[in-house]
Amino acid sequence: ETGVTQSPTHLIKTRGQQVTLRCSSQSGHNTVSWYQQALGQGPQFIFQYYREEENGRGNFPPRFSGLQFPNYSSELNVNALELDDSALYLCASSLEGDNEKLFFGSGTQLSVL
Amino acid sequence: RKEVEQDPGPFNVPEGATVAFNCTYSNSASQSFFWYRQDCRKEPKLLMSVYSSGNEDGRFTAQLNRASQYISLLIRDSKLSDSATYLCVVRRGSTLGRLYFGRGTQLTVWP
Numbered sequence: 033e034t035g036v037t038q039s040p041t042h043l044i045k046t047r048g049q050q051v052t053l054r055c056s057s058q059s060g061h062n063t064v065s066w067y068q069q070a071l072g073q074g075p076q077f078i079f080q081y082y083r084e085e086e087n088g089r090g091n092f093p094p095r096f097s098g099l100q101f102p103n104y105s106s107e108l109n110v111n112a113l114e115l116d117d118s119a120l121y122l123c124a125s126s127l128e129g130d131n132e133k134l135f136f137g138s139g140t141q142l143s144v145l
Numbered sequence: 088r089k090e091v092e093q094d095p096g097p098f099n100v101p102e103g104a105t106v107a108f109n110c111t112y113s114n115s116a117s118q119s120f121f122w123y124r125q126d127c128r129k130e131p132k133l134l135m136s137v138y139s140s141g142n143e144d145g146r147f148t149a150q151l152n153r154a155s156q157y158i159s160l161l162i163r164d165s166k167l168s169d170s171a172t173y174l175c176v177v178r179r180g181s182t183l184g185r186l187y188f189g190r191g192t193q194l195t196v197w198p
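Protein sequences, first through last, are from chains A and B. Using this note's numbering, you'd call the opening residue of the first sequence number 33 and step up by one each time. Using this note's numbering, you'd call the opening residue of the second sequence number 88 and step up by one each time.
In case anyone wonders, no lab produced these hints; they're calculated from the structure. Fair warning: there could be bad hints in the mix.
[Unchecked claim] Straight-line distance between alpha carbons at most 27 Å, and here's what the computed DSSO-like set of lysine-lysine pairs gives: (1) K129(B) with K133(A); (2) K129(B) with K45(A); (3) K133(A) with K166(B); (4) K166(B) with K45(A); (5) K133(A) with K89(B).
[As the list claims (entries may be wrong)] Pair by pair, the computed Cβ-Cβ distance ranges are: (6) I44(A) with N114(B): 33 to 39 Å; (7) D130(A) with L161(B): 23 to 29 Å; (8) F101(A) with N109(B): 37 to 43 Å.
Since the structure is predicted, the reported quantities are computational estimates derived from the model, not experimental observations. For glycine and all other residues, C-beta sits at the position ideal for the given N, C-alpha and C.
So here's chain A without its partners, still in its complex pose (with noise of 0.2 Å):
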C-alpha cells in the first residue's frame, strides 16, 4: 500500500475527446510525477509539479496539461486524444526532501478507440 490512489482505474475515449485522470497522494507528498507508459515499454516522464508549480516536462505536447492542489491531489488533463494515447498513466509522489523513494499509484489504464 503506497497511499497513493489514482482514479478511474480504467477509462475508455474516443479520438478527439478530451480526459482527465486524478491521483491523491499521501499527506506532506509535496512532489508529483506523470507518466506515460505504453503497452511493451517502461513508463516515460510526462511532468512533474512541485508546490503546485509545474516543475519539469518531458517530451510531450501542451495538450498534456497538469494540476496539482494544495490536499496533495493532482491532475493530468489530455485534451483532443489519440490512438496512439492509449496507454497506463501512473502517478507518483515523494516527500519533501526525500526523492530517493517514489511511491506511485497502481495507474489508469487509458483506451483510446
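On the provided structure of chain A, position chain B as indicated by the hints.
For chain B alone, kept in the frame of chain A given last:
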C-alpha cells in the same frame, strides 16, 4: 538514442537458476540508479537502489560501472515469485529530477 537501453528478453529460467540483466545509460550526468520491478500492468515498485560499490539485498545483487555507463542486476536461486518485468531506472541531478526508465526485461521463472 534512448536514455536507458535494456534487453527486453524474455528470459525464461527454471527455479533455482541464476539470471543476470544488464542495461546501459547514455547520459554521463546521471547520478542515481535503481532497479524497479513491475508485475503485469501494475505500478512499478522499487527493488533496490544501485551504488558504485555494488550492493546486495538477499538474492539480488546490483552493480554499477560509471565508466562504461552500465548497470546490472543478478538474481540468484530464482523463485516463481520473481516472475515480473525488471526496469532499469536512472535519474540525473537534483532531488527533484525525473526518472528515466528502460523498457524493462521480462523474466519468467518456471517450476
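Here is what the structure says about each hint:
For the given pair, K129(B) sits about 17 Å from K133(A) by alpha-carbon distance, which is consistent with the 27 Å threshold. A distance of roughly 21 Å separates the Cα atoms of K129(B) and K45(A); the hinted pair therefore holds under the 27 Å criterion. This hinted pair checks out: K133(A) and K166(B) have alpha carbons roughly 26 Å apart, not beyond 27 Å. Our distance criterion of 27 Å between C-alpha atoms is broken by K166(B) and K45(A), whose separation comes to about 39 Å.
Note on K133(A) and K89(B): the hinted pairing holds, with a Cα-Cα distance of about 24 Å set against a maximum of 27 Å. Range check, I44(A) to N114(B): about 37 Å between beta-carbon atoms, so the 33 to 39 Å window is met. Between D130(A) and L161(B), the C-beta spacing of about 28 Å keeps the proposed range 23 to 29 Å intact. Checked against the hint of 37 to 43 Å, the pair F101(A) and N109(B) passes, with Cβ atoms roughly 41 Å apart.
Checked against the numbered hints above, the structure violates only hint 4.
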